[in-house]
Amino acid sequence: GAVVSQHPSWVICKSGTSVKIECRSLDFQATTMFWYRQFPKQSLMLMATSNEGSKATYEQGVEKDKFLINHASLTLSTLTVTSAHPEDSSFYICSAPGASGGYEQYFGPGTRLTVT
Amino acid sequence: GENVEQHPSTLSVQEGDSAVIKCTYSDSASNYFPWYKQELGKGPQLIIDIRSNVGEKKDQRIAVTLNKTAKHFSLHITETQPEDSAVYFCAATNNYGQNFVFGPGTRLSVLP
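For the protein sequence lines, the chains are L and H, in the order given. Those letters in the first sequence? Residues 1 to 116, per the working numbering, in order. Those letters in the second sequence? Residues 1 to 112, per the working numbering, in order.
Worth double-checking, as some hints may not be accurate.
Said to hold, decoys possible - Using 35 Å as the maximum straight-line C-alpha spacing, the simulated DSBU-like pairs for lysine-lysine come out as follows:
(1) L:LYS66 / H:LYS37
(2) L:LYS41 / L:LYS20
(3) L:LYS55 / H:LYS42
(4) H:LYS58 / H:LYS71
(5) H:LYS57 / L:LYS41
(6) L:LYS41 / H:LYS22
(7) H:LYS42 / L:LYS41
(8) H:LYS42 / H:LYS68
(9) L:LYS41 / H:LYS37
(10) H:LYS68 / H:LYS22
(11) H:LYS68 / H:LYS57
(12) H:LYS37 / L:LYS55
(13) L:LYS14 / H:LYS42
(14) L:LYS20 / H:LYS42
(15) H:LYS58 / H:LYS42
(16) H:LYS58 / L:LYS41
(17) H:LYS42 / L:LYS66
(18) L:LYS20 / H:LYS37
(19) H:LYS71 / L:LYS41
(20) L:LYS41 / L:LYS66
(21) L:LYS55 / L:LYS41
(22) L:LYS55 / L:LYS14
(23) H:LYS37 / L:LYS64
(24) H:LYS68 / L:LYS41
(25) H:LYS37 / L:LYS14
(26) H:LYS42 / L:LYS64
What the hints assert, rightly or not - Derived CB-CB ranges, DEER-like:
(27) H:LEU46 / L:ASP65: 31 to 39 Å
(28) L:MET45 / H:ALA29: 16 to 24 Å
(29) L:LEU74 / H:GLY16: 41 to 49 Å
(30) H:LEU46 / L:SER9: 17 to 25 Å
(31) H:GLY55 / L:THR17: 50 to 58 Å
(32) L:SER5 / H:ASN3: 30 to 38 Å
What the hints assert, rightly or not - Which stretches of chain H does chain L cover? Using the computed rule of at least three CB atoms under 8 Å from a CB of chain L, they are:
(33) 33-41
(34) 44-55
The set of hints was computed from the structure by calculation and includes no laboratory data. A virtual CB, placed ideally from N, CA and C, is assigned to each residue, including glycine.
Excised from the complex, chain H in its bound form:
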């Protein structure tokens, strides 16, 4: 089955700096890779996603890149703000409507 690894487990950056979180997956059949932001005591919120037929996707300060050959994808947050502080999870799936396999999460702290 699919296995998703995520690094780093914790990340601290100064406000205004960029943050990068990387994930690797094992199943070459996986074709959809979402990123979720989870604040304390709340459910995960989808922030950006990418499909396997695309190499990069951007939404304002957030971008995701995908390298299918190497089986890894990354989340890039630019101009970080204190409200970006949260736990970020990557996930992968190979089938529409099926469950996701999540990475272990990255705790991002943006220091003012």
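Isolated chain L, as found in the complex:
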């Protein structure tokens, strides 16, 4: 149980275009999901908290108009990188708290974004 999937696993896009990344909780419902960004050989940095049915909460320094988050259902959150630039190239990972009521969080497999 507690499986989180992401799609796509990798994507290449051109500068100026937008790309959408999906995060799904496969066997449980998640009212909250978290989006992290990880640059090579670095740790995970929280970008935003996605809340089902309400606006996302962004961390300081993360542009909410550039990284659009939508949490339209209890099993799906999406992150759209708008007007992508090469510096947006990174590994994007989502996570969701498990349904057991504990503190555990389960991470998706990540999405490698390359902007050319």
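Given chain L, put chain H in place with the hints provided.
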């Protein structure tokens, strides 16, 4: 806010030896401390966790110890195997369902 430090940044051990990774945290309110293993190109995988009301937890070759007074916790891997080679991250949080603050990671290499 919470700050998590992790040492060492890289660690090489011979197969069969033990590996120890240490983390310190700054927020005394933090009460949950998971450890994640991340293989190249994959998402983090939870390997063990500990809550603040427990001093030690063990799962086969993996154990975690927590010292609340000193605000540090450690991951212990015994009888290391080449498949243990990965990047390990510690994390801390003070609230159920909230995001984690991660340490910078430790790259563990187990040499055959």
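Hint consistency between H:LYS71 and L:LYS41 [alpha-carbon to alpha-carbon, up to 35 Å] = Given that 35 Å is the threshold and the Cα spacing comes to 26 Å, the pair holds.
request  = Mind checking the alpha carbons of H:LYS58 and H:LYS71 for me, to see if they're no more than 35 Å apart?
outcome  = holds (19 Å)
Review point. Has the given pair, H:LYS37 with L:LYS64, been kept, meaning a C-alpha gap of at most 35 Å?
Key: holds (30 Å)
### Query
Given the hint that H:LYS57 pairs with L:LYS41, does the C-alpha gap stay at or below 35 Å?
Within the cut-off at roughly 29 Å; holds.
* Has the given pair, H:LYS58 with H:LYS42, been kept, meaning a C-alpha gap of at most 35 Å? -> It holds: about 25 Å lies between the C-alpha atoms, which stays within 35 Å.
query: Three or more residues of the segment 33-41 of chain H near chain L by CB distance under 8 Å?
result: Per the Cβ count (3), the hint holds.
Quickly compare the C-alpha distance for L:LYS55 and L:LYS14 to 35 Å and report which way the hint goes. This hinted pair holds, its Cα atoms lying about 28 Å apart.
* Proposed proximity, L:LYS66 with H:LYS42 (alpha carbon, max 35 Å) -> holds (25 Å)
**Report entry** Hint check for L:SER9 and H:LEU46 - Cβ pair distance inside 17 to 25 Å
**Finding:** Holds, since H:LEU46 and L:SER9 (Cβ atoms, about 20 Å apart) stay within the stated range.
Within 35 Å, alpha carbon to alpha carbon, are H:LYS42 and L:LYS64?
-> holds (26 Å)
With the threshold set at 35 Å, check whether the alpha-carbon distance from H:LYS37 to L:LYS55 stays at or below it.
Holds. H:LYS37 to L:LYS55 sits at ~31 Å (cutoff 35 Å).
Next pair to validate is L:LYS14 with H:LYS42; report whether the Cα-Cα distance is within 35 Å.
Holds: L:LYS14 and H:LYS42 sit about 24 Å apart, inside 35 Å.
When the structure is compared with the earlier hints, no violation turns up for any of them.
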